[in-house]
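Asks: Sequences listed follow chains E and B, in order. Note that the working numbering has the first sequence beginning at -10, numbered continuously upward. Note that the working numbering has the second sequence beginning at -10, numbered continuously upward.
Derived from the structure by calculation, the hints contain no laboratory data. Only true hints are included.
Remember, identical chains collapse to one label, so a pair may be satisfied in a single copy or spanning two.
Derived pair list, reagent style SDA-like, types lysine to any residue, alpha-carbon separation capped at 20 Å:
#: 1; residue 1: K164; residue 2: A110
#: 2; residue 1: K164; residue 2: P142
#: 3; residue 1: K164; residue 2: M114
#: 4; residue 1: K164; residue 2: D117
#: 5; residue 1: K164; residue 2: L109
Protein chains: 2
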Amino acid sequence: MSGRPESEPTGRRRPGRRPGSADTRGQILAAARETFSEKGFDKATVRGIARQAGVDPALVHHYFASKEGMFVAAMELPVNPDDVIPMITSGPREEAGERLTRFVLTMTSAEEARQPVLALARTAMTNDRMAAMIREFVTHAVLSRVAETLEIPLIRMEAAFAQLFGVVLMRYVVKLEPLASVSIEELVELLTPTIQRYLDGSRQFPLM
Amino acid sequence: MSGRPESEPTGRRRPGRRPGSADTRGQILAAARETFSEKGFDKATVRGIARQAGVDPALVHHYFASKEGMFVAAMELPVNPDDVIPMITSGPREEAGERLTRFVLTMTSAEEARQPVLALARTAMTNDRMAAMIREFVTHAVLSRVAETLEIPLIRMEAAFAQLFGVVLMRYVVKLEPLASVSIEELVELLTPTIQRYLDGSRQFPLM
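Excised from the complex, chain E in its bound form (with noise of 0.2 Å):
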């Protein structure tokens, strides 16, 4: 997914860049795309990106904050999980369902927003190494926070996401009808007892 050339020397230093220009920032980027698919998420380490892209690893941070953030731009995903998870997991418990249920359906109907989640899945799709990439962040940056936060097993949202991710396919990939064409608003309604009933699961019943 990278526009770099994958035989550059790895940790080659480019003389003459000053840090902080615009260019240092795209040059993170084509850095991170060929570290995480060639690392994955989890092995793929800032420090290991600074050196890759000839720039200081404060320099990384600075532009990207976190590792996840700079996952975000460099598979330029329309939101940040930092952002929204926060968003989803405060408020009441018993209305958690339906805020994720809405925000994932609202975010992936702007098609802007939807193309890169879809560029994603495709590449996954057909590609092991991508889609252990994909397998990473997902786990890590989305479903295991919001698992630990609202104190459910992992595998629970792993079926929310399952079925919204599926609801997403269906609706704008496959474009079976009606659910194509019905509102945010009735789809909310259809999908929010399941997407709750997977949040309310206990430790205790796992799978009940």
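Assemble chain B onto chain E, guided by the hints.
Replies: Just chain B now, kept in the frame of chain E:
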């Protein structure tokens, strides 16, 4: 998906072939793949496919019984909905969700059954015409029939399908853990309440 060159003229009869040979069946399937991908499932006809293959329509019926059967054979799908749907819709209504969930998970647990299903999904993700063909088949041959038999709104079957298909994707393509490793019985326990709720829906309150 057809190995046959598209330039071959429609309706050309091949002299000297005996009807009913093994080759005739392959010839019909090649014509079916070409016709389905060009016209979609709904607009393709047994008569048109027979003409394309240069055989008598009666021979198509002899080999495949129905247009659905021909699609299943042409796409190398592991099961024919004609065989499966009665098994899902007969028996106690309050257990239909469990029967459907267990069937989908058991069927896709075999790699040779799962691969053609995932191949169709990959194609749908990248090719609008193939997505339309798959949409028409899934709607006509699977979802509408179950929805009509159980007298529930079609959108509820689509939500159930999105849940089950989403789980298959997350288990076998993205390989989210622990979803990818738990037993089919554990997944049946986790997902059945969701699927049963969709199948319990009434026509009066389609989205509740």
